[in-house]
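J.: One-letter residues, chain by chain:
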Amino acid sequence: MYEYGWNDHEAPKEPHPAAPSMRAATSGQYSQEWWLGQLHDLQQRLVAVESWQHAVDARAEQQAAKARRSSNGSSQTDLTRLRETVGRVSDGVTAMAHRVDHLETRLRQAEVLLDRLRSAGVRDAIATGEAPSDMHRRHSQIKERYQRLVDQDLRNLARELCPADARQWDQIPGGMPAARARAVSELVHMLFTAAQQGTPATAEGVQSALAHRGYVTEGTDPRLRKAVDGANGIVRDMAAVELPASLLFDVDVTTLAEDEYQAYNRQDTGVPGFLVAPAYAVQGEAPENHLKAFVFLAPGEAP
Amino acid sequence: MTPSTRGATFKPKVIVAIDFGTHGTGFAWATVSALQDAAGHRVVVYQPFTQSGGHTYPKDLSAVLVNRAGDPVKFGERARNAWDRELARGNPQGFGYASKFKMAIHGREGKSDIPEFLGSLAGARRHTVKVLVTAMLTHVRRAALDQIGRYAVGGAAYTADEIRWCLTIPAMWTEADRQFMRTAAVSAGLPGDMERLLLVQEPEAAAVYCALNAGTVLGPDRPEGQLEVDTPGSRFMVVDCGGGTVDITSYQIRAEGVGPGQLKETRVADGDRLGSAYVNHAFVTDILSDRFGEQQLKQLIAAFPKEVGQLETEWETEKVRLVSETAVDGTPVITDTVLISIPGKIWDALDPGTRTRLTVLASGETHYIEITAHEVTTLFESVVRPILSTIERQRAAASGDGPAVGREQMLLVGGFARSTYLRDRIAQRFGHEVRVITPMDPAVAVLGGAVHFAYDPSIIWGRRSKYTYGFGCSMPFRHGIDPQEKFFIDDDGNEKCNDRFVVMARRGDLVPTDHKAVNTVAVFPKWTSVQVTIHATYAHDPDYTDEEGCEAIGKVIPDISGSVGLPTSERSLDVAFSFGTTEIEVEVCDRRSGAARRAEVAFDDLYGRGSTDRPETPQGR
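Those protein sequences? They're chains A and B, same order as listed.
In our numbering, each residue's number is its place in the first sequence (first place is 1) plus 10.
In our numbering, each residue's number is its place in the second sequence (first place is 1) plus 750.
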């Protein structure tokens, strides 16, 4: 037996159960006791209905008597007016309900439009680079590789290109540190300017150019190849991000404010001497978020 | 619950996740729209914090500077810089400085970073910690609202009440810790209700990120790959390599999963002091000590703490950018030397002998420390070896939880996971038996994953019913419990109680799509019709269908004509609730005749997924 049953007030409201179909009634499914029970129920309900009808008749008679006692012309008129007023109010309520429905629909439409507008605003800011998104994060990783290349790999390579025991560095302003920084600057140019225009640098080409400029290139092959591969990878990955970025070669370092560059020779003080490696700028990015240009400071001069 | 409130399901228009970390805190956000509903194409916006050299990182330092009155005045890097300045002056204004104070919430003494409470905050107690956490969250909340407000179109900006927030918490936090965090969040102005403020475990968020974003499968070929979550019963491990600790959490994809990615946490390893900060520590104790001499280093630390800090910061930066190579036998090797520039003040303070020695070591250049490849490897190994052992132990422990299905996976996330040497060593050790995956951007895996999680929590939590759903019927009367006015004697002479609520899905329950709940109700022989009324309520355990907050949301009038006259024992109706994506189909079937009738009502899940800029789903028929 099931624990659950139906609520008492959900019992059928008909005065008596619907008669079973002829097929059901003659199927033997309903016993004599069941039919007697049905008749008993019916009799009880008839008694109840007669009682209810009697009560209704009595109330109707009472109302009629009351109406006869108080009946006059003005009350009839008031009643008519009242009915008219109720009718008008009812029409008004219906019209108002329609209007509210209409307004609610329009409100929902307006809300959807507003959402789309605001969402489009953010999408636009992402697409133009104004809002820093996943695309900036990808550039951020490339920036790290670029900085590593300039600050460690090329710096180490420059030490091989400008060995400490070569005396000619003493003859140029800034001495050996400036000569090594200059070598890095030239390497950055060789590695990136042509590659950005679709012609990746080759180790042989760069080595030959360096030798032509008087650098000591013997024994630099492994480091140089690694640097070339690294730079070409950076250029390739920069181009693969939907949001464009560029290396800002075209800059006059003497016009840069102190917070617009990073000193390549961090230990020194002075004024910007020359550009070692350009800033890495992502489209739409706030300038303070660019990877700042590496600048060689001319030592000994106050900023 | 009134009809009007039930209809007002919260549908966020913006998701903001806050990763409140031991060392760094940041936020990221995403708009909710039809275009963003596809997780693979969802774009997340990060707040950049600029660091030295113009690098940006989505996290600022978890640090607060308070004035003499205890009011927070600066946060993050600015707080640290201001504190350094104040400290150099002897802190005459009585400032206080706190960092790593997240660790004071859980208080794993001796196992992880010790919170730093300095100046007027020295000896801070739990109440102060709450004030600091609240202040930090308030600061982040304001920054998030400010950033979101910048992209207003025609003056129409997203408002705070349209945002769902998500806070990340460590896996090992207790319920009391979570409550602490929730209370602090509410004090910080974040909403308190569970639909607008979600807490997600950090490794769970990272797993979501790795399941949705392509990463690299570490191994010889390094193909692209994501966390695979389609094999119920399979295991994976999240190795979160942070600044202070390395936290390892094991999960199993539920066999009874209700959708991709539902996770069952199986084991949490207490985060050990193996984070990248300890590589930095070794840099100071081993390298600086060797180069400057122990005594001179002590003097330098005392005289130039800021400059020694710069040396550490520079090493910190170079450390994760180092690229390791693979030897012929597959062993990762570091071949590059690392150059660290020495600040002028330190260089000038060094004795002449040290300066000469350093210049020779740095190929004739002054102001540099050159760290050889061998030394770099040794520094890394001081932490990498214990990390490998910890992972090994965790794997062994997880294998005791029963057989796994499919190939085991391991996710490497966190800022330290950017180190190729660490990745390659883990891949070398475990790659032959575990699928080791690292996302493209492991540093934001937790933060980005938290955004994806809050966008659609069912990714790992499954759908949870927002209401308790059921129908009304009578049940045996419970004397002394049920109200007397509900008492009646049924047609079979049994004592019954009217208006009892039969629960078909409870608020907060997991409700898989296509889940079906069935109950059977007896019908008396004479009854020719009946009405099944469907109810919903916020209450978890409703007793009666007419109690406060309970609402009738639909009805079914079944066809019971085919069983009229049968004894109660042979006459019954099966009431079935089938939970679809957005609606519940209620079917009432006469068992004897097989006649069935249906109705549909709206189904609301707890976190209201999906965008609002799509056509509305009908609310029931």
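If you're looking for bench data, these hints aren't it; they were derived computationally from the structure.
C-beta: ideal position from N, C-alpha, C; glycine also.
There's no promise every hint is true.
[Claimed, not checked] So these bits of chain A aren't anywhere near chain B, every CB distance computed over 12 angstroms:
id	residue
1	89
2	109
3	132
4	141
5	300
[Unchecked claim] Ranges of calculated distance between the beta carbons of each label pair, as one might list FRET restraints:
id	chain 1	residue 1	chain 2	residue 2	range
6	A	214	B	1040	23 to 33 angstroms
7	A	100	B	925	24 to 34 angstroms
8	A	221	B	1078	38 to 48 angstroms
9	B	838	A	183	31 to 41 angstroms
10	B	1296	A	100	37 to 47 angstroms
J.: Now, for every hint given, state plainly whether the structure supports it.
T.: Structure-based check of each hint:
| no. | hint | in the structure |
| --- | --- | --- |
| 1 | 89 | 36 angstroms, holds |
| 2 | 109 | 19 angstroms, holds |
| 3 | 132 | 5 angstroms, violated |
| 4 | 141 | 5 angstroms, violated |
| 5 | 300 | 6 angstroms, violated |
| 6 | A:214 - B:1040: 23 to 33 angstroms | 40 angstroms, violated |
| 7 | A:100 - B:925: 24 to 34 angstroms | 57 angstroms, violated |
| 8 | A:221 - B:1078: 38 to 48 angstroms | 31 angstroms, violated |
| 9 | B:838 - A:183: 31 to 41 angstroms | 36 angstroms, holds |
| 10 | B:1296 - A:100: 37 to 47 angstroms | 31 angstroms, violated |
Hint check: violations occur at hints 3, 4, 5, 6, 7, 8 and 10; the rest are consistent with the structure.
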